[in-house]
Amino acid sequence: MPLLLLVEDDDAISVPLAEGLRREGFEVLTVRDGASALAATGYDAVLLDLGLPDIDGTEVCRALRERSGVPIIVISARGEEAERVSGLELGADDYLVKPFGLRELVARIRSVMRRRQGQVGPDGPQRIGVLEIDRRSRRVRCRGHEVVLTAREFDLLAFLADDPGAVVSRQDILDHVWDPLWYGTTKTIDVHVASLRRKLGDPKLIETSRGVGFRLVRIDA
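Be aware that the sequence shown starts at 5, since it is given in our numbering, and climbs by one per residue.
Honestly, the hints are just simulated from the structure, not real lab data. It is possible that part of the hints are untrue.
Just the calculated beta-carbon pair ranges, DEER-fashion [stated by the list, open to error]:
{"id": "1", "residue 1": "Glu84", "residue 2": "Arg201", "range": "37 to 45 Å"}
{"id": "2", "residue 1": "Ala44", "residue 2": "His149", "range": "40 to 48 Å"}
{"id": "3", "residue 1": "Asp194", "residue 2": "Arg142", "range": "19 to 27 Å"}
{"id": "4", "residue 1": "His149", "residue 2": "Gly83", "range": "16 to 24 Å"}
{"id": "5", "residue 1": "Asp138", "residue 2": "Asp37", "range": "36 to 44 Å"}
{"id": "6", "residue 1": "Gly29", "residue 2": "Ser72", "range": "34 to 42 Å"}
We treat Cβ as the ideally placed atom computed from N, Cα and C, and that holds for glycine.
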């Protein structure tokens, strides 16, 4: 089971949150301050409150990112745009404003862990039927032929490939391929999906889930 490091000094939040996360299949190590967070080891992801009693959470985030690529999700009552931008620029993978629902948090944890696993996984390319995606070289082949993609198109395809067959919502795509603070229209996703389908040469590879989002379909021939 993945081990989560929960950095939260308020027991009224940390105790029920840890219990809920354990019910969802995670192990949870809870610490109350920044020094303990920086001393902890062996965890697979960090849930980091910013309002800590000893060290500001932004400094903890910076220090954790400098030493490791482990996923970091900020969970904070600081919901101002400047705070969210600062947290993401310091290296957080996601930013969730309190209060939040457990289901949303779990979905975000699984999402950032899938993305990180895709980035630091095996050296070889990922093969999904006729598709071959090499994250290290950022190259894609379909049915043996190289496909030239823009940076955003590659990021979108790689994100869908993190969980082949699963429907990924438009909002999740905007949050992780564009930016959590993106204020543009979701139609930009449709434009990029259309371009991907055209370049891959098979529109059936990316399926639309009406009203929800998109999923990458495995096609073997």
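(request) Determine whether the Cβ-Cβ distance between Asp138 and Asp37 falls within the hinted range of 36 to 44 Å. (result) Holds, since Asp138 and Asp37 (Cβ atoms, about 41 Å apart) stay within the stated range.
(message) A range of 16 to 24 Å was offered for this pair. Does it hold for the Cβ distance of His149 and Gly83?
(response) Violated, since His149 and Gly83 (Cβ atoms, about 47 Å apart) do not stay within the stated range.
(message) Within 19 to 27 Å: is that where the Cβ-Cβ distance between Asp194 and Arg142 falls?
(response) Holds - the Cβ-Cβ distance for Asp194 and Arg142, about 23 Å, lies within 19 to 27 Å.
(message) Does the beta carbon distance between Glu84 and Arg201 stay inside 37 to 45 Å, or does it fall outside?
(response) 39 Å, holds
(message) Taking 34 to 42 Å as the stated bounds, is the beta-carbon spacing between Gly29 and Ser72 within them?
(response) Since Gly29 and Ser72 have Cβ atoms about 23 Å apart, the given range 34 to 42 Å is violated.
(request) Using the beta carbons of Ala44 and His149, state whether their distance is inside 40 to 48 Å or not. (result) 47 Å, holds
In summary, the structure is inconsistent with hints 4, 6 from the numbered list given earlier, while agreeing with the others.
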